[in-house]
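*Asks:* Here's the letter readout for the chains.
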Amino acid sequence: MKPLFVLLSAILIISGCASKFDRNDPLGKKSFPLISQDSTVVNFPQDYKGKTMVLGFIFTNCPDVCPLTSHNFQMLQEEAKNKGIKGVNFVLISFDPDRDKPWVLKDYAKVRGIDESNFKLLTGDKDTIRALMRKMQIVAVPGDTTKTSDGELMYFFVHSDKAFLIDKDNRVRSEYRGSKLDIAEAIKDLQALE
Amino acid sequence: MTAVILFLSLINLLSPQIKIENAWMRNASRGTNSALYFDINNTSSRDDELIDVSSDIAKVVQIHETYKQGENMGMRKVDSIIVKGKSIFHLSPAGFHVMVIRLKEDIKAGDKKEFVLTFRHQGKIKIKATVKSD
Ligand SMILES: [Cu+2]
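Here the protein sequences line up with chains A and B, keeping their order.
FYI, in the numbering used here the residues of the first sequence are 18 to 211.
FYI, in the numbering used here the residues of the second sequence are 47 to 180.
A couple of the hints might just be wrong.
Stated by the list, open to error - Taking lysine to any residue and the SDA-like style, the derived pairs with C-alpha atoms no more than 20 Å apart in a straight line are:
(1) Lys-205/A with Arg-194/A
(2) Lys-185/A with Asn-135/A
(3) Lys-66/A with Glu-169/A
(4) Lys-154/B with Asp-124/A
(5) Lys-65/B with Ile-171/B
(6) Lys-123/A with Glu-151/B
(7) Lys-150/B with Glu-95/A
(8) Lys-123/A with Arg-76/B
(9) Lys-127/A with Val-177/B
(10) Lys-105/B with Glu-169/A
(11) Lys-152/A with Phe-49/A
(12) Lys-164/A with Ile-103/B
(13) Lys-205/A with Glu-95/A
(14) Lys-68/A with Glu-192/A
(15) Lys-154/B with Trp-70/B
(16) Lys-150/B with Arg-116/A
(17) Lys-127/A with Arg-76/B
(18) Lys-154/B with Gly-130/A
(19) Lys-132/B with Gly-169/B
(20) Lys-105/B with Met-171/A
(21) Lys-154/B with Arg-129/A
(22) Lys-68/A with Asn-135/A
(23) Lys-123/B with Asn-78/A
(24) Lys-66/A with Ala-209/A
(25) Lys-68/A with Gly-104/A
(26) Lys-130/B with Lys-170/B
Claimed, not checked - To spell it out: a stretch of chain B is covered by chain A in this simulated footprint if at least three of its residues, at any positions, have a beta carbon under 8 Å from a beta carbon of chain A; those stretches are:
(27) 72-79
(28) 94-108
(29) 146-156
(30) 161-170
If you are wondering where the hints come from, they were derived from the structure by calculation, not from laboratory data.
As the structure is a computational prediction, the values presented were derived from the model and not from experiment.
We put the CB at the ideal spot given by N, CA and C, even for glycine.
Using the sequences provided together with the hints, build the complete structure.
*Replies:* Given below as structure tokens:
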């Protein structure tokens, strides 16, 4: 009974009972060295200082929900461009660094037709990604698993569906649901930060 | 009796009670995963049940459901989908979908890919899903 209780409490703690993000808290001085779809090093979030950033989290093995997030980011990118909003970066970070290597992210960007000019897909080493997820209060717990006929164990995550708007000083200013992003609302928020 | 059954199955064959509409799947490259969506239009008054989906284009094909758990999203395999008589069941993003796991080939927007759906009563239905980059 006791171990079960501990396990349940642990699950509750990591799955969303954490306090609401303090919107005015800068992401801090801590730098998270990540790697982009082009295999370049990105120091997150420092490298984006001075620019607005729309940030989301995905894993590329996710075929149903995550493509909605990616697609919403693409639509927002396009709409921001149409509205003449400048200096915005779009960033999707993988919470599955074991499988999402830079070339996997590159292929994902190509297949999804992402305009990569101001759109980065980032991965990194496991510990860095984990620390960053803690910082951003992102949860991803392996859930459903299945085995292919040749013995590969496939796993899928139960994961957060959060996206953030981060200002030029690396402060979180808005939080959205990535897969249900309201483009008009996000555009208004972006304009307010211009 | 045999004649009656034969006659009934012939009718079934000529006028399918289950119609699959708007079948589409997401483009993806070889070795990755995709999802297939469609509407199941059950025109008969009898309930039916989608019990299997298969295809040669991927290593594993499963019926899945996406669910919300607090603020988080997950998905799980389901054994079947029951479609009530005289109703339409929609498989759509962030809801029920067919998981197409580990594609054996690149699938590009505009392609049409074949799947076989098995219903408890209607039996097998062959469909062609249009690949989209949505
Ligand atoms: Cu699924």
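*Asks:* Under 8 Å between beta-carbons, do enough residues of the stretch 161-170 of chain B, three at least, approach chain A for the coverage claim to hold?
*Replies:* violated (count 0)
*Asks:* Below or equal to 20 Å on CA atoms is what counts here, so check Lys-123/A against Glu-151/B.
*Replies:* holds (18 Å)
*Asks:* Is the hinted pair Lys-152/A and Phe-49/A satisfied, with a Cα-Cα distance of at most 20 Å?
*Replies:* Measuring from Cα to Cα gives roughly 10 Å; hence the hint holds.
*Asks:* For Lys-154/B and Gly-130/A, compute the direct alpha-carbon distance and say whether it is at most 20 Å.
*Replies:* The given pair, whose Cα atoms are some 11 Å apart, holds under the 20 Å limit.
*Asks:* Taking only the CA atoms, is the gap from Lys-105/B to Glu-169/A under or equal to 20 Å?
*Replies:* Answer holds: Lys-105/B to Glu-169/A is near 10 Å, not above 20 Å.
*Asks:* What's the verdict on Lys-105/B and Met-171/A, does the C-alpha distance respect the 20 Å limit or exceed it?
*Replies:* holds (11 Å)
*Asks:* For a C-alpha distance cap of 20 Å, please report whether Lys-154/B and Arg-129/A respect it.
*Replies:* holds (10 Å)
*Asks:* Can you confirm whether the C-alpha distance between Lys-65/B and Ile-171/B stays at or below 20 Å?
*Replies:* Holds, at about 9 Å.
*Asks:* Given the hinted pair Lys-68/A and Asn-135/A, is their Cα-Cα distance within 20 Å?
*Replies:* Between Lys-68/A and Asn-135/A the Cα gap is close to 11 Å, so the pair holds against 20 Å.
*Asks:* For the pair supplied as a hint, Lys-66/A and Glu-169/A, is the alpha-carbon distance within the 20 Å limit?
*Replies:* violated (41 Å)
*Asks:* Taking only the CA atoms, is the gap from Lys-132/B to Gly-169/B under or equal to 20 Å?
*Replies:* holds (18 Å)
*Asks:* Lys-205/A and Arg-194/A were given as a pair; does the straight-line alpha-carbon distance stay at or below 20 Å?
*Replies:* holds (16 Å)
In terms of the numbered hints stated before, the structure departs from hints 3, 7 and 30, listed from lowest to highest.
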